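Novice: First to last, the sequence lines map onto chains A and B.
If you read the first sequence in my numbering, its first letter stands for residue 1, the second for the next number, and so on.
If you read the second sequence in my numbering, its first letter stands for residue 1, the second for the next number, and so on.
If you are wondering where the hints come from, they were derived from the structure by calculation, not from laboratory data.
Mixed in with the good hints there might be a few duds.
Using 20 Å as the maximum straight-line C-alpha spacing, the simulated SDA-like pairs for lysine to any residue come out as follows [unchecked claim]:
{"id": "1", "chain 1": "B", "residue 1": "K29", "chain 2": "A", "residue 2": "G174"}
{"id": "2", "chain 1": "B", "residue 1": "K436", "chain 2": "B", "residue 2": "W465"}
{"id": "3", "chain 1": "B", "residue 1": "K36", "chain 2": "A", "residue 2": "V156"}
Calculated Cβ distances over 10 Å to all of chain A for the following chain B residues [as the list claims (entries may be wrong)]:
{"id": "4", "residue": "G147"}
{"id": "5", "residue": "G174"}
{"id": "6", "residue": "V271"}
{"id": "7", "residue": "P454"}
Note that the structure is predicted; figures quoted are calculated from it, not measured.
Quick reminder that beta carbons are idealized off the backbone N, C-alpha and C, glycines included.
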Amino acid sequence: MNREALFIERAGQVGVTVIAVGTLDEAVERAVELCRERRVQRAALWDAPEMAPIRAGLRAEGVEILDPRGSFETLAHAEIGITGADWGVAETGTIVLASGPGQPQAASLLPPLHLAVLRADRIVPDLATLLELCGPLPSALVFITGPSRSADIGLVPVLGAHGPTAVTVLLVAG
Amino acid sequence: MPDRPTRIDLIRNIERALRDESLQRQMGKAMPASRKARADAAAELPEWESLRSAAAEIKDHVLANLESYLGQLESQVRALGGVVHWASDAAEARVIITDLARSRGVRRIVKSKSMTTEEIFLNPALESAGASVVETDLGEYVVQLAGERPSHLIAPVVHKPTGEISDLFVKKLGVPRYERPEDLARVAREVLRAEFLAAEMGITGVNFAIAETGTLVIVENEGNARLTTARPRIHVAVMGIEKVLPRLADLSVFLRILARSGTGQRSSVYVSLLTGRRRVGETDGPEELHLVILDNGRRRLLADPDLRGALRCIRCGACQNECPVYQHAGGHAYGSVYAGPIGAVLTPAYEGLEQARDLPFASTLCRACADVCPVKIDLPGMLVELRARAVRTGLAPRRDRMLVGAWTFFTRSPARFVLAGSLGRLAQRLLARGGKIERLPYPLSGWTAHRTAPLLASRPFRKRWKPPQEGPQ
Numbered sequence: 001m002n003r004e005a006l007f008i009e010r011a012g013q014v015g016v017t018v019i020a021v022g023t024l025d026e027a028v029e030r031a032v033e034l035c036r037e038r039r040v041q042r043a044a045l046w047d048a049p050e051m052a053p054i055r056a057g058l059r060a061e062g063v064e065i066l067d068p069r070g071s072f073e074t075l076a077h078a079e080i081g082i083t084g085a086d087w088g089v090a091e092t093g094t095i096v097l098a099s100g101p102g103q104p105q106a107a108s109l110l111p112p113l114h115l116a117v118l119r120a121d122r123i124v125p126d127l128a129t130l131l132e133l134c135g136p137l138p139s140a141l142v143f144i145t146g147p148s149r150s151a152d153i154g155l156v157p158v159l160g161a162h163g164p165t166a167v168t169v170l171l172v173a174g
Numbered sequence: 001m002p003d004r005p006t007r008i009d010l011i012r013n014i015e016r017a018l019r020d021e022s023l024q025r026q027m028g029k030a031m032p033a034s035r036k037a038r039a040d041a042a043a044e045l046p047e048w049e050s051l052r053s054a055a056a057e058i059k060d061h062v063l064a065n066l067e068s069y070l071g072q073l074e075s076q077v078r079a080l081g082g083v084v085h086w087a088s089d090a091a092e093a094r095v096i097i098t099d100l101a102r103s104r105g106v107r108r109i110v111k112s113k114s115m116t117t118e119e120i121f122l123n124p125a126l127e128s129a130g131a132s133v134v135e136t137d138l139g140e141y142v143v144q145l146a147g148e149r150p151s152h153l154i155a156p157v158v159h160k161p162t163g164e165i166s167d168l169f170v171k172k173l174g175v176p177r178y179e180r181p182e183d184l185a186r187v188a189r190e191v192l193r194a195e196f197l198a199a200e201m202g203i204t205g206v207n208f209a210i211a212e213t214g215t216l217v218i219v220e221n222e223g224n225a226r227l228t229t230a231r232p233r234i235h236v237a238v239m240g241i242e243k244v245l246p247r248l249a250d251l252s253v254f255l256r257i258l259a260r261s262g263t264g265q266r267s268s269v270y271v272s273l274l275t276g277r278r279r280v281g282e283t284d285g286p287e288e289l290h291l292v293i294l295d296n297g298r299r300r301l302l303a304d305p306d307l308r309g310a311l312r313c314i315r316c317g318a319c320q321n322e323c324p325v326y327q328h329a330g331g332h333a334y335g336s337v338y339a340g341p342i343g344a345v346l347t348p349a350y351e352g353l354e355q356a357r358d359l360p361f362a363s364t365l366c367r368a369c370a371d372v373c374p375v376k377i378d379l380p381g382m383l384v385e386l387r388a389r390a391v392r393t394g395l396a397p398r399r400d401r402m403l404v405g406a407w408t409f410f411t412r413s414p415a416r417f418v419l420a421g422s423l424g425r426l427a428q429r430l431l432a433r434g435g436k437i438e439r440l441p442y443p444l445s446g447w448t449a450h451r452t453a454p455l456l457a458s459r460p461f462r463k464r465w466k467p468p469q470e471g472p473q
């Protein structure tokens, strides 16, 4: 199995929805569709060049785009957080997010739905490879493997313990 | 002060646990499920055994060069704008953290799950300094509301049935009675979200600290540690000295074994690599970062060649899940923050064998813990060593000394062994009722406290046994 297929399989097993798309334009379409289905009114979007078409697409739909540099209180009102993903790890179905100016953790943490855009050529086979490649570390490098969960109460797995209830990855062909 | 001077009454605690039907039901359900999850996750990796060896080797290397790696970590964290504090014991750590809270006028604190902060009894100290402290891990939150202590390394509330949590929420939070775990989790999420937004300080533990980069690694499933470190203005991380790893590259081995051993996941949901405080232009992450590096008995343990290996522990909980004694006793019976096989080693080491003298005896030495430990700690060997120390220093129970003394006497010669059998057969004429013995006198009474004793055969084996015929064929 190639890296991409393994990533899709493993991410699926931890409850991540992976949508493979051919181009960034297609990714924009799917992001807009998803927001429409969920009746999203406010979105927290990372400030990154590849996010610009998604921002434009959502604005055209009438979705309010919250300033990613805004406060936690503001971003907590978003129904969806849309971020990039710097890497994917095939073995575990993990996405890796580096925080930075305009790219706060809040976007992948506070809204009930997290949508991440990952380029397929950024998928590495395993953690060891990732740690070799990831270079100088940002203030927060976060590995995300599935939606937030807890089985503390009654040993029953519950999604959305503190973070998102659902994670969707838009996997853009490399 | 909360530091406990009294002896842990393990026997009484276990007696109580065995009578607690809901505890037995909970543990009987949780432990086999956890064992299966771990076994499946380990079996998926053909390299599992070599991962365990690699992890043990890295930990041993760190322990052999501990001060130099800690020094490197300190200078890296400082270079990133963090402040490093050294605490030699629990009291010092409490003073450091409460002073931080007081000097910065902190009123509200959120915490993510940390056994190290449990170990130093941090919450009461912060509360008496005038700050509110809220545990934000779902299980820890329940434990805090109930005024209890966690009973398992990664499943703190494994001892509590859902119905009790429903009642607790009604009583403490004034919410309607919810039965379903997802509803209870939602209630807690809402209450705790508000706490995150209001808190000025976040306190966390540390799973691994990378000396090379000054990175603090925190592993979790819920996202509460991310919120605790991303939102409040001040982040205080508390770590034991043994948590340091040399290089970033060492992390992959440990991340691969930790989640698989603990919960059977390939990876925990969130692994945060935090390198320094908030940087220019960023809007989350702490403005102030404090790292408290705690000794609290660890350097003493490091100097103990027989027990040093216990410092390899990465707190996965696998030894607890696997232990037949822990499964029935539950975590609280061990009377300390660390329970199960690892607790039976760490508690005597940290708090003194005198207080924890019974703990090393709470094991059948079946080696199940050693078989699953991802960092290959020789827990049974250490328990035997602690037992030997208890005997040498006169701390072993009088009953055990009597029994071993009698055993030693009667097995010293064939004649004495025969004598023992004859005496036993004589005695059981008085004790047996209906072909079994319901109650033996002291010092054997422990044997019949929960079961009947079998009778000695009327004709001993050595009289029935015919030696095989000698010679050809």
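Novice: Work down the list of hints and note, for each, if the structure agrees.
Specialist: Hints versus structure:
no.	hint	result
1	K29(B) with G174(A)	violated, 46 Å
2	K436(B) with W465(B)	violated, 24 Å
3	K36(B) with V156(A)	holds, 16 Å
4	G147	holds, 17 Å
5	G174	holds, 19 Å
6	V271	violated, 4 Å
7	P454	holds, 38 Å
Taken one by one, the earlier hints fail for this structure at numbers 1, 2 and 6, listed in ascending order.
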